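Let the hints inform the model, and build the full structure from the sequences given.
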Amino acid sequence: MKNLFNAYFSRMLRQKFLLAGIVLAFAITYWFTSNGSGLNILHRINSDFDFSLAAALGIPAFMSLFTPLFLSAEYKGGTIRNKLICGKSRGEIYFATLLSVTAAMLLMTAAWAAGALLGAGTLPAAGVIAWTIAKMILYNIAYLTILVFISLNVTNEAAVTAIEFMSFQFSFFAVLMLQMVMGMTGDGACKVIAMMINLIPVGQWLSLSPLADESIQLSSSVQLILSAVLITAMIVYGMTVFRKKDIK
Amino acid sequence: MINLLSVGYSKLFKNLAFRVCLIIMAALPMFLTAVSVSKTAPGSGPLNGIYNTGMIFIGLLIGAFVSVYISQDHSEKTLNNKIMAGYSRAVIYLADFIVTVSGALMMQLMCILASSLIAVPARGMYTEPFADAVKQQFILFCVVAVYTALVLLICTVINSKAHAVAVSLMAVMVMLIAGISVYDMTVRKGEAPAASTEVTTEDKVVKTLYNVLPQSQMYAVMEEHIPADAAKMICYDAAAIAVMTAAGIVIFKKKDIK
Numbered sequence: 000m001k002n003l004f005n006a007y008f009s010r011m012l013r014q015k016f017l018l019a020g021i022v023l024a025f026a027i028t029y030w031f032t033s034n035g036s037g038l039n040i041l042h043r044i045n046s047d048f049d050f051s052l053a054a055a056l057g058i059p060a061f062m063s064l065f066t067p068l069f070l071s072a073e074y075k076g077g078t079i080r081n082k083l084i085c086g087k088s089r090g091e092i093y094f095a096t097l098l099s100v101t102a103a104m105l106l107m108t109a110a111w112a113a114g115a116l117l118g119a120g121t122l123p124a125a126g127v128i129a130w131t132i133a134k135m136i137l138y139n140i141a142y143l144t145i146l147v148f149i150s151l152n153v154t155n156e157a158a159v160t161a162i163e164f165m166s167f168q169f170s171f172f173a174v175l176m177l178q179m180v181m182g183m184t185g186d187g188a189c190k191v192i193a194m195m196i197n198l199i200p201v202g203q204w205l206s207l208s209p210l211a212d213e214s215i216q217l218s219s220s221v222q223l224i225l226s227a228v229l230i231t232a233m234i235v236y237g238m239t240v241f242r243k244k245d246i247k
Numbered sequence: 000m001i002n003l004l005s006v007g008y009s010k011l012f013k014n015l016a017f018r019v020c021l022i023i024m025a026a027l028p029m030f031l032t033a034v035s036v037s038k039t040a041p042g043s044g045p046l047n048g049i050y051n052t053g054m055i056f057i058g059l060l061i062g063a064f065v066s067v068y069i070s071q072d073h074s075e076k077t078l079n080n081k082i083m084a085g086y087s088r089a090v091i092y093l094a095d096f097i098v099t100v101s102g103a104l105m106m107q108l109m110c111i112l113a114s115s116l117i118a119v120p121a122r123g124m125y126t127e128p129f130a131d132a133v134k135q136q137f138i139l140f141c142v143v144a145v146y147t148a149l150v151l152l153i154c155t156v157i158n159s160k161a162h163a164v165a166v167s168l169m170a171v172m173v174m175l176i177a178g179i180s181v182y183d184m185t186v187r188k189g190e191a192p193a194a195s196t197e198v199t200t201e202d203k204v205v206k207t208l209y210n211v212l213p214q215s216q217m218y219a220v221m222e223e224h225i226p227a228d229a230a231k232m233i234c235y236d237a238a239a240i241a242v243m244t245a246a247g248i249v250i251f252k253k254k255d256i257k
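Just so you know, the protein sequences line up as chains B and Y, in that order. Take the first sequence: its letters are residues 0 to 247, numbered as in numbering that gives the first Met the number 0. Take the second sequence: its letters are residues 0 to 257, numbered as in numbering that gives the first Met the number 0.
A few of these clues could be false.
Residues from chain B that face chain Y, not an exhaustive set, calculated with beta carbons under 10 Å [unchecked claim]: (1) Ser71; (2) Ile132; (3) Ala157; (4) Ala158; (5) Ile162; (6) Phe164; (7) Gln168; (8) Glu213.
Using C-beta positions, here's what the derived DEER-type ranges look like [stated by the list, open to error]: (9) Ser5/Y to Asn5/B: 48 to 58 Å; (10) Ser5/Y to Arg43/B: 51 to 61 Å; (11) Thr184/B to Met169/Y: 29 to 39 Å.
Derived by calculation from the structure, the hints in this document are not laboratory data. Being a predicted model, the structure only gives us computed values, none of them experimental. Glycine is no exception: its CB is placed at the ideal position from the N, C-alpha and C atoms.
Rendered as structure tokens:
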């Protein structure tokens, strides 16, 4: 497992696309945090740090492109088959893959946090920042479990890239539409829709961001539980499907 | 050419990405129309132009379906077979363009049909003149053809299929955001009180981009039904399609196909 992770990680660090993404994450967040006050679509602003939360959408957006491009080489070059021949179990391969893309996401999050903290003129309490980052990391991991599930179970590299990028686009539009539908429904339905929005990783981004209505926000503990449930379900389901997959 | 087209169409209808895109192009407009119906009062009259609402996503769907469809040709080595059968590269490229544009047109028709399936029974038949509706659809078809030509060009230029799909989707997304931004800037400029009569270079650039970018054309059709600069927009689209297709054919002719 450790060898597999090291191999993935060293290959990942050589990816120019990832390095460019990290630099961009820092630059865009810094610019957005220091110039966010000019955007009149944002509301519920308590400090400059809130502007950076809108820019945090770039992390799942980037990962939806990076993950298929990084992992498509696995099937293309027969690397997965070689790993199996070397005696690595499918479970080890699955977890090492997930851990490596999680490491990429953590690097992106670190760049985002640096941009946000340096760009913000006013900051909330340290506890608020820590909770926000914890929630961000968890919903991004939840999204990565979906991306890894698709990458390791669909062999066609073009289809994987299209599915994963479109999954990001559509989950973004879906949460915006669900938020719009919420305004037209009663209290009971509102709670169900709020849970649905928060179950979608991009939906949790929306509920944290200054673009959201207050009605879609759930308590931090519920959001963390929803992310944990999605992570567990996707890992269990993904591993089951991957174990049964016919790898040529 | 006819043989290539017939093979292309049979492959198109079997293509899973195309079928999924058709389903999305039916489901999404139906949802948006249902929301509009529930937001308007029952006696408020027909929802003219509602059938164009679902079109805002068509660029992304074209990006996905065209790049997956074209990559299939490369991965299954059908492209090599076509060349060995004696078809010229220009003919192969044009056949691919015609087939993919037809696929995109089917998605556009699906959007109209799906919206009307909800809007007409709920609020009655549209009252706008039929000729206007046809003109709107023609402008939107030009927009769709521009997106298709762009994605086909990207898939020809980039060898790695995963990268071609990623770049196509990114390019479409950038054009989508640029179009929306330019449309928004133009509308805000028009709404500004006591707009100055002096036309600056920035205004000219924004106005040109407004007429050139496919997404701003789409928004103009949705809001104004038949935009004031419709003829200009169609000319720009035709020029963009011609340039991108010509460039695609030139690159495809020089490409080393293994």
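Results for each hint:
1. Ser71: holds, 4 Å
2. Ile132: This hint is violated: Ile132/B lies away from chain Y, its Cβ roughly 27 Å from the closest one there, beyond 10 Å.
3. Ala157: holds, 4 Å
4. Ala158: holds, 6 Å
5. Ile162: With Cβ-Cβ at 8 Å, under 10 Å, it holds.
6. Phe164: holds, 5 Å
7. Gln168: Cβ of Gln168/B sits 6 Å from chain Y, so the hint holds.
8. Glu213: violated, 21 Å
9. Ser5/Y to Asn5/B: 48 to 58 Å: holds, 52 Å
10. Ser5/Y to Arg43/B: 51 to 61 Å: At roughly 58 Å between Cβ atoms, Arg43/B and Ser5/Y fall inside 51 to 61 Å, so the hint holds.
11. Thr184/B to Met169/Y: 29 to 39 Å: holds, 35 Å
Comparing the model with each earlier hint shows violations of hints 2 and 8; every other hint is respected.
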